[in-house]
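Engineer: Sequence:
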Amino acid sequence: MGKTGIKVTCVQPFTTNTGLVWHPKSRFPSLYPVLEPEYVAKRQWLAHSEIKQLSYYRPAVLLNFMLAGFLPVKATLVLVDFLKVGLDEHIPSDEKKSD
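Numbering (the numbering used here), first residue to last: 444 to 542.
Treat the hints with care, as some may be off.
To be verified - Straight-line C-alpha distance at most 27 angstroms; calculated DSSO-like pairs for lysine-lysine:
1) Lys-517 x Lys-527
2) Lys-485 x Lys-517
3) Lys-450 x Lys-495
4) Lys-495 x Lys-485
5) Lys-468 x Lys-485
6) Lys-527 x Lys-446
7) Lys-485 x Lys-450
8) Lys-446 x Lys-495
Said to hold, decoys possible - With beta-carbon atoms standing in for the labels, derived distance ranges:
9) Leu-520 x Trp-488: 45 to 55 angstroms
10) Asp-524 x Asn-460: 43 to 53 angstroms
11) Gly-445 x Thr-519: 31 to 41 angstroms
12) Ile-494 x Lys-517: 34 to 44 angstroms
13) Lys-450 x Met-509: 42 to 52 angstroms
14) Lys-468 x Gly-445: 23 to 33 angstroms
15) Lys-450 x Phe-508: 41 to 51 angstroms
16) Val-464 x His-491: 39 to 49 angstroms
17) Trp-465 x Phe-525: 36 to 46 angstroms
18) Leu-489 x Lys-517: 18 to 28 angstroms
19) Val-454 x Val-523: 13 to 23 angstroms
20) Val-464 x Lys-495: 35 to 45 angstroms
21) Gly-445 x Leu-526: 40 to 50 angstroms
If you are wondering where the hints come from, they were derived from the structure by calculation, not from laboratory data.
We treat Cβ as the ideally placed atom computed from N, Cα and C, and that holds for glycine.
Please construct the entire structure, taking both the sequences and the accompanying hints into account.
Structural biologist: Okay, structure coming up:
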């Protein structure tokens, strides 16, 4: 297209407690914390102002992406299931069944 000077920053916060989903969770919060929106916004602004092309908030997230690149799909799914990073059922906390 002949355009120059356009810069893009790809930000990967992983799991953010935005209120759009209920019960974000992480089995290992020291590796994969559920981040607050204010922290994510500050990091996004910092990455953009430093003209970074990629910004990962935790080194473990980068490791996940690298592993997923060469592990078989089944092994990646087992790893994701073990880490239990993601979202819980969309049921209010007071209505959740106790195990």
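Engineer: Which hints, by number, does the structure contradict?
Structural biologist: Violated: hints 2, 6, 9, 10, 13, 14, 15, 16, 17, 18, 20.
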